[in-house]
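K.L.:
One-letter residues, chain by chain:
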Amino acid sequence: MRLPAGGRIDRARPLAFRFDGRYYSGFAGDTLASALLANGVRLVGRSFKHHRPRGVFTAGPEEPNALVELGRGAERTPNTRATTTELREGLEAFPQNCWPSLRFDLMAVNGLLAPLFAAGFYYKTFMWPSSFWEKVYEPLIRRAAGLGRLSGAPDPGVYDKVHDFCDVLVIGAGPAGLAAALAAGRSGARVILAEEDFELGGRLLGDRAEIAGGSGSAWAASVAGELKTLAETRVLRRTAVFGVYDGGTYGALEQGPAGGVVRCRYRKIVARRCVLASGALERPLVFADNDRPGVMLASAARTYVNRFAAAPGRRAVVFTTSDDGWRTAADLTRAGVAVAAVVDPRSDVGADVTALAGDAERLTGAAVARALGGAALRGVEVAGADGARRVIACDLLAVSGGWSPNLALTAHLGARPVWSAQAQAFAPGATPEGLRVAGAAAGRFTTAEALADGFAAGAEAAEACGFPALRIEAPGAGPEAARWATLRHIANARGKSYLDLQHDVTASDIDLAHREGFRAPEHVKRYTTLGMATDQGRLSSHNGLALLAQANGAAIGEQGPTTHRPPYAPVPIAAFAGAERDGAFRPVRHTPTHAWAERRGAVFVEAGLWLRAQYFPNPGERDWQESVTREVRAVRNGVGFCDVSTLGKIELFGPDVATFLERLYTNAWANLAVGRARYGLMLREDGIVLDDGTTSRLGPEHYVMTTTTANAARVFQHMEFARQVLWPELDVQMVSATDQWAQIAIAGPLARETLARVLDPGFDLSDAAFPYMAAAETTVLAGAPARVFRVSFSGERGYELAAPARLGEALADALMAVGAPFAITPYGVEALGVMRIEKGHPAGPELNGQTTPGDLGLAKLLSRRKDYIGRRLGERPGLTDPDRQTLVGLKPIDRSQRLRAGGHLVREGAPASAAHDEGHVTSTAYSPTLGHSIALALLARGAQRLGERVRIVDPLRGGEVVAEVCAPVFVDPGGERLRG
Amino acid sequence: MAEPGSHLERLPGAAVAWLAARRGQGEALARAMQAAFGLALPDTPRWAAASGRRAVWAGPGQWLIVAAHEPVPGGLAQELAAALTAVLGARAAVSIQSDGRALFRLSGADARETLARLCPIDLHPRAFGPGHAALTRLGQIACCLWQTDDAPTYEIAVPSSYAASAGHAFAAATARLPASRTPP
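Residue numbers (the numbering used here), protein chains in the order written: chain A, 1 to 980; chain B, 981 to 1164.
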């Protein structure tokens, strides 16, 4: 029911919204929860396990009941707290966890079967048969006990991710946080004030506190105004800090304002100092049927009438163990809500406190034994001081069990809060470095204490960052009492007493767990699921610990709280991704001929981050195989070219490069002449092959190394480590030049004729002047710097021509023009791969992080006259075992059969079992040159088994092929073609 | 204060050369660069400029020499190499990188907010100003970034194969800026 006046809502801006299919109206400044209460909506959802009717319980982020699905279709966001959802025009929300409807929920039968759903229910019930775990039990549990549903569609929201830095981060904008931000901000420090609410003020908004002779909310507004004028102070509203990480790093989630582009924004905040002013959470009380819609935290009831002008009921009872609860009676009365009675189990409540109840009946020494009603509260059963029971009719029961400092963030780095008997609450233990707790979170519960503590904390934090210390006199605040007693479970045989409203964990679950032998809070938490819902036990943790301590016969402080871990508030995964999703999930690298290949209709393939031309289909070709076969034949019979710019290129300079290479590569490098290239093999420290490639010597102190595309970054790191850490005495400088050069492989019997026509005149390409494995610098395209290498991956006469990357397309055009008489053919990585398999060159599938040089037939590259990285560990018996699997070729006996990579090798006659597995097929291709399928494989003692037959079994995809083992080089084993 | 918003441009004609001192030759190289080009090579993450060339710190003993444009591809590096060889012999390594780096210039009042979405470093005027440089990342792309003036203007060099993705990253960051930078 909306109150006729008051509140911080803007009555000039009505907002229409829908809940559960019905239209309602609220105002700007409302939350969804306050607007629902103002419209008299009491029932907002069904509970997780028991499907009990539930209403709004809090006015903040600790809400366990009022979780809704927001929006529809792909926009649908489940598990949204109505108490923190800012009302906006057209908002649409749906209750969750009810089927078929909120009012008539068939699953509510679970409530009748509740004994079945007691602690450990899942562990006891869904045990066997194990084949039922995934197919039957899980779907069943999910349907019965799920929270909200995901839309299943791609999330259309826009998410943002920001790196923030500041001197002082203040978390929470209640009295202490505002004071801290003001003190730090005035000193000139860079301040970020993060507040989860859309308004600054914290409890000052919901309470009628008095500061400096005015209202608390007016003081908050004046501070907010001053903070705006401070150039280096930023106020982030709708921003929840959810985690504390090493090095003063904080994770925060900012909700985008209504109508904005960004749905939410993940902020990584690095702060030199932090003031944690996260306030305190009011504790519920544990009694029978304490979950009925209409039972609400006393502070929340105050917030609804004071801040939102929304009466959560017409006739109220206050049940409190704290002085604070009595203020609720005063505020409700003032708002026009009839207060029937204030029930306080304490018998020593001060007269100044009981005076707050006004005309309401004061029942001290009494307790509420049970809430009455079903979908709405009808009354309470009160057990008086004399033991007599009576029923008081009401539709609102405001409960207060005192306050717990909100300390989760202090514990994220491993510290544990400690019990304070004086405060009857947990207090901060050791705090993360640079973080100070202030205000109610530090046990300063009155407004006056919180203000003073906040100013001191803010000034101290700024001073620690080198800013002048400001002594600000805290403004005076009205008198408040802040005393409470911790009340245990009010036992009642009838009705369930809920501890964890969101997970439907009751007081009897704790007793049961205790009877079954559970003692430690961490065990009881997991066994009962207490505090494991999305609210992270904000409301339930304290009462659960208290009951467990009682059962254990221990003091609550002796056993300590359970561990807090980030995130403290739910964070959508999409927020961590920010813009880096879908097509921008990771960057894409384009080759210098990318646009050219696109124009030629190339089909592209991802190779790491690179997009490479896979093949260039001609009109009329039926499939990729036909295009690739044509490309291979063109290279074998004429000339083709391929962009190989993706190979890693590392420039090496200095007088000690030869020594450096000697230690990096397994083979000899000291004697490489200027103008020559050499193939090299690099090992990891453990003796396994890291990478291979050619390195050319372009000058006395200038080399250029190539790596495989996949390992370019890894090899560079490996070399930087060697250069900076292992051998800093070597005079070597290195830089990546991968992106600088467009590098084109030109291959085929007519490669020389083609290259000769594209280089600037005057370069002698004769085999005498430029033999196999020669390298030189020259010019191309009328004066542009160029590098030429006579290397081959295809097995044909081959050259690689490098020119500045911007000339990539011009180079491709020039090659097409000069090669036209030879029917020059651009080819992609698929043809490149076919030809390297025909030649038996190991590549990614063979350099798989498990193979040694011996396995790959490269043992001849292991120098015995020098030391190199990987030599010593490569000599371990396991790596030199003659029974290891080594590289072989395979040909199908029936040449029409296709070999598939991944098939396993088994001896003929042996069973196809893991025990008889002798290796696997690593790479396969259809060889246009041989006219049948070929493969490379790793086979136990392969080199000694040439000519043998093996079975290739493929249990995953089915099928079996018999193949002949052969040498891994299928085409031109003597290498005559590449030497010319 | 500059105009609101920010302006991004690619500097396609820029010339970049990578320069590294031979072991133990840092001071000799610095003297040679001062003599030949008037450039004071910074030995911390900063930059210095003289007569159209900028020397940007790019790691210990390494710099990027950047010029607004070079008429012939590789011309700047060749010029540098020639000058250095004359003055210093072979005591420095020079590698042409004009085609290896794509240069972007981001300028305007929102430039800092845009970069806050991409770079994990503090670019607040108290922490980073004209004259500063950093090796950092732009989203997932390694970059070298430096600030040239108070507008603020930043120049950012990324490996050239990432140019398109860097452009997309800038666009995505700009689209996510708060509509109003001061809360209502």
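If you are wondering where the hints come from, they were derived from the structure by calculation, not from laboratory data. Glycine included, C-beta positions come from ideal geometry on N, C-alpha and C. A portion of the hints provided could be inaccurate.
[As the list claims (entries may be wrong)] One-sided excerpt, in silico: chain B residues whose CB lies under 8 Å from chain A:
{"no.": "1", "residue": "ALA1029"}
{"no.": "2", "residue": "GLN1120"}
{"no.": "3", "residue": "ALA1159"}
K.L.:
What are the numbers of the hints that this structure violates, sorted from low to high?
P.N.:
1
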